[in-house]
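S.K.: Sequences listed follow chains A and B, in order.
First residue of the first sequence? That's 0 in numbering that gives the first Met the number 0, and the numbers climb one at a time after it.
First residue of the second sequence? That's 0 in numbering that gives the first Met the number 0, and the numbers climb one at a time after it.
Derived by calculation from the structure, the hints in this document are not laboratory data.
Heads up, some of the hints might be wrong.
The list that follows gives simulated cross-link-like pairs (lysine-lysine, DSS-like), each with its CA atoms no further than 27 angstroms apart [claimed, not checked]:
#1 Lys66/A x Lys126/B
#2 Lys66/A x Lys14/A
#3 Lys131/B x Lys63/A
#4 Lys235/A x Lys224/A
#5 Lys586/A x Lys309/A
#6 Lys126/B x Lys52/A
#7 Lys62/A x Lys135/B
#8 Lys62/A x Lys46/B
#9 Lys63/A x Lys135/B
#10 Lys56/A x Lys131/B
#11 Lys56/A x Lys126/B
#12 Lys11/A x Lys131/B
#13 Lys261/A x Lys124/B
#14 Lys58/A x Lys131/B
Owing to the predicted nature of the structure, the values given are computational and were not obtained by experimental measurement.
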Amino acid sequence: MRIHRSFRGALKEKKIRSIRGMLTDSTQIKLFDDSFPRGEDGKYHYSKLSDEKNAEKIKVILKKVRKARSGPRTLRLIILILIISVPVVFSLFFLDSLAAGSLEKALETLSGTDVTVVNFDIRPLEGSVILDKLAFASETDPMVDSLVFTGLDADFSWSAVFFRRFVIDELSGAAALNASRETAAVYPENFEAGSRSGGFNLSGFQTTSADLAELIPDETLNLLKNLRGSAEQKNKDWTARVNRESDDITTLGEKISVYLSKPLPEKTDIQGWTSMIEEGKNLGGDVSAKSTVVEQFENELKTESLDARKALEKGRSAINNDLNMIQNNFSFNDEMLNRWVETAVISIAGPKAASAYQKIRKIVLRLKAKTQDDDSSDSGVVRKGRMKRGRVVYFPAVLPPRFSIRLLSFEGDNISVNGTNIGIDQDLAGAASRLSINIKSLVSTELTIDGRETAENLISGDLSSRAAPWSGGPDAPGGLITVQSMFNVGSINPEGYADFISQGQVVLSDWNSVLFFGPSTPPLPFYYNFSTDDGKTDLKIQIEPKSLIPWKKVIGDYLLSSGDEQLKKVIPAEAEEELLALEKLIKDWDDNKSMLENLSLQLDSQKSKIDAAMDDLTEGLPVDIPLPGASGVLGGVGSLLGN
Amino acid sequence: MIAFSMAVGITLAFIPGVTLLWFIFFIPMMLVRLNQAAFLGMMAVGKLLMPFADPFSEGLGFFILSRPVLYEPMGRFLSLPGTSWLRLNDSLVAGGFFLGIAGWPLWFLFSLILVRLYRRYLAVKVKTLFGKLGEKVPLLKKLSLAVSAGRRIGGAA
Numbered sequence: 000m001r002i003h004r005s006f007r008g009a010l011k012e013k014k015i016r017s018i019r020g021m022l023t024d025s026t027q028i029k030l031f032d033d034s035f036p037r038g039e040d041g042k043y044h045y046s047k048l049s050d051e052k053n054a055e056k057i058k059v060i061l062k063k064v065r066k067a068r069s070g071p072r073t074l075r076l077i078i079l080i081l082i083i084s085v086p087v088v089f090s091l092f093f094l095d096s097l098a099a100g101s102l103e104k105a106l107e108t109l110s111g112t113d114v115t116v117v118n119f120d121i122r123p124l125e126g127s128v129i130l131d132k133l134a135f136a137s138e139t140d141p142m143v144d145s146l147v148f149t150g151l152d153a154d155f156s157w158s159a160v161f162f163r164r165f166v167i168d169e170l171s172g173a174a175a176l177n178a179s180r181e182t183a184a185v186y187p188e189n190f191e192a193g194s195r196s197g198g199f200n201l202s203g204f205q206t207t208s209a210d211l212a213e214l215i216p217d218e219t220l221n222l223l224k225n226l227r228g229s230a231e232q233k234n235k236d237w238t239a240r241v242n243r244e245s246d247d248i249t250t251l252g253e254k255i256s257v258y259l260s261k262p263l264p265e266k267t268d269i270q271g272w273t274s275m276i277e278e279g280k281n282l283g284g285d286v287s288a289k290s291t292v293v294e295q296f297e298n299e300l301k302t303e304s305l306d307a308r309k310a311l312e313k314g315r316s317a318i319n320n321d322l323n324m325i326q327n328n329f330s331f332n333d334e335m336l337n338r339w340v341e342t343a344v345i346s347i348a349g350p351k352a353a354s355a356y357q358k359i360r361k362i363v364l365r366l367k368a369k370t371q372d373d374d375s376s377d378s379g380v381v382r383k384g385r386m387k388r389g390r391v392v393y394f395p396a397v398l399p400p401r402f403s404i405r406l407l408s409f410e411g412d413n414i415s416v417n418g419t420n421i422g423i424d425q426d427l428a429g430a431a432s433r434l435s436i437n438i439k440s441l442v443s444t445e446l447t448i449d450g451r452e453t454a455e456n457l458i459s460g461d462l463s464s465r466a467a468p469w470s471g472g473p474d475a476p477g478g479l480i481t482v483q484s485m486f487n488v489g490s491i492n493p494e495g496y497a498d499f500i501s502q503g504q505v506v507l508s509d510w511n512s513v514l515f516f517g518p519s520t521p522p523l524p525f526y527y528n529f530s531t532d533d534g535k536t537d538l539k540i541q542i543e544p545k546s547l548i549p550w551k552k553v554i555g556d557y558l559l560s561s562g563d564e565q566l567k568k569v570i571p572a573e574a575e576e577e578l579l580a581l582e583k584l585i586k587d588w589d590d591n592k593s594m595l596e597n598l599s600l601q602l603d604s605q606k607s608k609i610d611a612a613m614d615d616l617t618e619g620l621p622v623d624i625p626l627p628g629a630s631g632v633l634g635g636v637g638s639l640l641g642n
Numbered sequence: 000m001i002a003f004s005m006a007v008g009i010t011l012a013f014i015p016g017v018t019l020l021w022f023i024f025f026i027p028m029m030l031v032r033l034n035q036a037a038f039l040g041m042m043a044v045g046k047l048l049m050p051f052a053d054p055f056s057e058g059l060g061f062f063i064l065s066r067p068v069l070y071e072p073m074g075r076f077l078s079l080p081g082t083s084w085l086r087l088n089d090s091l092v093a094g095g096f097f098l099g100i101a102g103w104p105l106w107f108l109f110s111l112i113l114v115r116l117y118r119r120y121l122a123v124k125v126k127t128l129f130g131k132l133g134e135k136v137p138l139l140k141k142l143s144l145a146v147s148a149g150r151r152i153g154g155a156a
């Protein structure tokens, strides 16, 4: 049975007094004094008591004394140091790899593509962060990095850290676009390969000939309708009359047949001969009269057919005149063309502008949330669990910005990014954030974000692109788009909507071959003015009238060169119908002509029969029979008989 | 000592965790002579109850921080390096800190009453229970010893 080692050695007077002071029971004090007699050296040494029971008691007392001692507890101190130092040591050894992994994951989530982080080195004592390479893989080619930063060097400010702020004094490095990779990119799980091709894809933009159909004016259609109506009526009347005459001629033929079948009268029957000749003479006269009528019909047919042809020609002429006017660039109503182009442009610019606005709005809202994060006055909402933070009360403290990059500089062959005071808290930084991005041969932009109360705009800037490809879809126009624009966000209302205004010039050029678009299509410059106010968007397109002149020419040339088929597409269906009806009428007139020819043949046949019958009568006629006055066919008979 | 430890635990429960202020109080308390079981136990219990007290302490903190008399002094104080980490301009932190420090005598008295009530009505039963459990499970015997660890030699609390 041994006492604790801290009591085994010689104890000084001070410690003995301290221990005795902790004992309140006189029995315990006596026992303690007996156990620690004073030695010759003036110090107290433990002397084991002979009585085992008392020895056990003093051991228990000393154990309690030890537990109740004052001063630092070594074991507890070691545990505390371990608790504090283990995370620190762990961070020193593993911070770089952990930070690299976190950065890679965060950037992959943000960009949606494979991100490579190489040699991420955080040097807390030097106040710097070094990154050898940061690459964003191309979304279309896994062997290409669309954006690469190399030699990234960030110096952060320790003085800002003392104020619970993170300020990078300078962030610099080199940048490059479309650099080749050594290994294929491993895209995130939700990545859709090749989902986005280069340029702007604007679906839903279609242009058809129907847009031009309304170019045929209503007057032309009305004219065609009148011509068709008039011609059809005439044809109807004429046909009715011809049918009636045809019936009469048929009846006449029947009468002639009956006449010819009659037996000749006796030679002595002068009355019979006379009436027979008279009847034949009348029938001959009827045939002659009908022949005259048929001749009249033939004349009318010629006239009406000619009129129908003239009507068709007139209708065609009216249509052609309209088309010619289009082709000769004179019939284009400027307003109509403006509206048509405007519709096309809105369908091009509208979705993109709306999408761009939504993106900008999200950025603005995030910035606003960041800016007002600590300053919000309503964060004291009771949620499940403990509140994370309360309301931050403003005091006139001189603080650095919560996050800022004082100087930003990336330079490369194809890209340069420069900025000053990039971050939030422009009021604390005392200056606006300015960012300049210049991607050579594609786009350059200057962006200013100023969250200070005195600032005129929260965000303002300009953007100029250099002939980026765009497409309206597989069968829709496309080409290159060049943009020169400025934009600004004035303020954000409590609902989160910003007063956003953007205006500038857009030039669409290098058209692909759809409809009348093609390489020879002139560029289409237009001005736009896009604004939002309380969530309501407004887009106005303004086209210079002069810029439409070459377009009229191109459309006219297209119509001229596209041939009848294309021209017919431009003619409205109604006009086409009217013209077809007129063509049919002309065919009907031709059919009527053959009907008249039949009638004429019929009459000729009847006339021949009558003539033959009269010849027979003449031969068998008694000499003394007086003949009725005859004319026409029978006139010869009368003359033969001496009348 | 148990009541003192409990009062310190309540104070630290009021101050939101993961703040420099909390660590400034917590680390020394781990180094000085305290009834750690009472300290940590009361702090844990207090943390569980804090969601109900937070709205009040936050309101109190905002009321205090909004006093015009504090405007200039707090501005100068928060301009000192390192003070931002204390987050004293946060109404929840300031309210919790004020309630914890200013209310310490109250928490001490409250803890004292709790200890006396415990000793009068529960101590024997709990000791017996842990004693029985300790006989079966040696690990629980340690808890039994921890419960009575704060008693001064000679029996005084």
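S.K.: Kindly indicate which numbered hints from before are broken by the structure, ordering the numbers from low to high.
M.R.: 8, 12 and 13
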